[in-house]
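For the record, the sequence lines run as chains A and B.
For reference, each letter of the first sequence is one residue, going 1 to 390 in our numbering.
For reference, each letter of the second sequence is one residue, going 1 to 536 in our numbering.
If you are wondering where the hints come from, they were derived from the structure by calculation, not from laboratory data.
Where a beta carbon is used, it is the ideal one built from N, C-alpha and C, also for glycine.
Hints are not guaranteed to be accurate.
Label-pair restraints from in silico Cβ distances [what the hints assert, rightly or not]: (1) B:Ala-422 / A:Leu-14: 38 to 46 Å; (2) A:Asp-138 / B:Ile-464: 25 to 33 Å; (3) A:Val-132 / B:His-467: 40 to 48 Å; (4) A:Lys-257 / B:Gln-517: 51 to 59 Å.
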Amino acid sequence: MKRKVKAKIYLTILLILITICLAGCWDSLELNKRSIVSGLGWDLDPKTGEVTFTVQSIVPGGGQSSSNISGQQQGGSQTRSIQVDKDTGPGMYDAITRLTQHVSRFPFYPHTKVYIFGKEGAQYGIYQFFDVQARNPDSRPNALIVVSAEKKASDIMNIPDGLEKIQAFGMAAEINLSAQYSKYPAVTVFDFQKRIMSKTTAPIAPIVGIAKEIGSEGREIKKLRVAGTAVFKGDKMIGELNERESSGLLWAINKVKIGFITVPEADLEVVKAKSKIIPELQGDKIKITVEISEDSDLVLFKRRQDITVGVVRELEKDLEKEIKNQVMASVEKSFALDADIFGFGEAVHRKYKKEWKELQPKWDDIYPQIEVEVKVDAHLKKIGDIYKAL
Amino acid sequence: MFRLLKRKLLQRTSDHKDEAKAGNDYAHIKLDIKLDDNLNRIRNILGESNDVIIREMKIGRNSNIDAAIVYIDGLVDRNLINHDILQPLMFNLPLIRDNVNQKHASLIEFFKSTVLTVGQITESEDMVTIISDVLSGNIAILAEDTAEALLIDAKGWEKRGIEEPGNEVSVRGPKESFTETLRTNTALLRRKIKDPRLTFQNLQIGERTKTFVTVVYIKGITQENLITEINQRLKRINTDAILDVGYIEQYIEDAPQSLFPTVGISERPDVTAAKLLEGRVAILVDGSPMALTMPFLFLEGFQNPDDYYTRPFFATMIRWVRLLGFLLSIYLPGLFVSLSAFHPELFPTELLVSVAAAREGIPFPVVLEALLMLLLFEILREAGLRLPRPLGQAVSIVGALVIGQAAVSAGLVGAPMVIVVATTAITSFLVVSYADTGVLFRLLMVIVSGFLGLFGMVLFSLEILSHLVSLRSLGVSYLSPLVPIDFKSFKDTFIRAPLWAMDNRPESLAPLDKKRQAPNLMPRASKSSQTGREKP
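Modelling step: build the complete structure from the supplied sequences, incorporating the hints.
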């Protein structure tokens, strides 16, 4: 009896010890020994190949006053809410480990909201960053990818932003909002990885730049602004889309949610939109039909005239033309860059599996030759509370 | 030194045995014919306590019969002694013709059948019975030339009235609770269940206290195995004192080493009656305002009398709230510790920012912080409970406002931790049955999560779960009807089905009478009562 009890006790202790060993990650670390990273900047010097890491960390309890003061622009009694540190090393992890020489706490990455790439580094190629990112369980696939309009990522990581105390959160919110209004795409790590893994589709990412304003005392005020869409080929940035082209891209890839469209005589609010890419092989020619159906409300009619059925039809036609033009603008730009930002290749792949084996290796040559037709079916659903002009 | 202790201990136990023998040396003594001898013996046994009253008198037409009454002052009803015993014996008896020996077998028999105007009378010649009856509030009448004593139930001591239940408050239900008097408690139950099959089975437990213990069940509903098992367990108890129902609980529970209770306790007659009607056994103990019910199943703790007195929808919702409260009270501090020390990635970002801000500058690790606050709360609770009532409130105010507020502003404890501990403190009282269990598990959970984080919590939860599955209460699986699963009995678990739908008693108790009511009791308007518009 006694022996049994003893054996039981030993067994329990053994089990506990085993489970402790099995647990592996033994990473109890108090919150006040971690620094929560909100944004991560990555730069690569094309000449030397040196990597620079910029870490924007949240200062716990910082930014208590109403104003958003960050980084070095500290003023008065307000506490800063973020801290930006950067260091350079010959490789990715050299840079990270060198950071510890002047940062007092362990950086904690899972809450990073944006990954920012300097333009220079992005043009050189960002594959190694994504390799590390995908291998490391610490990072989240729903963080946003951003390309800095400036040379370095760190150039835009110190610019105070909007209403948010923590700049990176503000940047993420700006990108999400502009994506919601169908201006520029919001690209998560997951989206980017999907595109980078595809053999033909070109990755895209929003570009964030600095907008300068003249403040009240003649001082220059810097603010962040989403300023374009970066187009990658493989892991290298090769060009940019402007606002109109970005919109066209969103229309084609079914990413338009709501937004506003201006036609010569009216402003319209998009309430519902849907698009479909239909590929067709015609001999050795490829034809892509982009079908877009769209519902919109009238928000402004510039002609002082009652709205009639005829006017509605007219506006719908204008709308269709405008959307078509936007899409075609982006298509032409992508042809010029020879980057398949729409995923036409994948659409062909899905429909013509056999033929794709031959098409895929020479897709770069085929792509600019594709015939693209845009069919838009626009409807004006509501004309607002008045149907007669005031 | 240990040897010395051992020797002393041994000596003690042997002393105890001798004493026990000495106390029981009148075990086999029967009454004598001589009154004086009997009275002397009683005097010897009861000692010289001044609450023992031995009133000698001469009765009969010629005052020629010696007699005596023996009782304990304070335990008996004085009015009853004066009017119904002394008066008939001393005043009325001489008026009755002296024909004792002709019609009646004995004088005692004559007293019993003709003279005394009281209800419950028994006869005994056993000294043990007489003494124990006298000590529990009966009056013994002895007479010359009689080897028998009359024992008259004249219990009439000062007692507390029936009051509102203090611990199990109900909004709509009856507002009476058990008291310390066993007889009152049985009456309370009898008033609820006027079924001839409601059975009270009496036992006396305790070498010295001779406490009355009553096993209550309803014949024809309660499974007989349960009753025999309970009786066997009760008979095994061989101790000198039973002072409260809690003593019995600890002697008969199924899993004495478990943190979970396997015996139910209630102070409400309505709850006890409901459990009896489900096929459970109740135990009442004289001197304790609580009833034990067995078997006690895990989900019973989440039931509340108001569940059944209100309509089912709210009752079901509030049952879920209780369940949630129980889980929160066990897991919340542990979860907070795990998340902030091991897995900050699981916090929503904005929450993490404010939690991190609150942790800034706190000198202790978060585990210690949590344990400190939990311990502080337990101290305040205990102090508030034990101190005299006016002081108790002062302590609560000092604790809640001064210590809580000051600890945060002094930077010893983070504000989120105060919120977490306060929340658990409140939620732990949602489920009264597991309030004590919850405290222990909460502390253990915090310690475990301080070592192993969420992994430890999951491990510990599995341990608890496997322990719960292995528990039995009076042979019934503790988690039933969840384990073993019985969908029919789910009507009174996570949902509280309408009363008209609960046709059967809980299957797990194996009641002899399975049906509670007739089927199809769902209320509907009868056709004759439709007085609305008539069809053309």
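>> Could you work out which of the previously given hints the structure breaks and list their numbers from low to high?
In response: No hint contradicted; all consistent.
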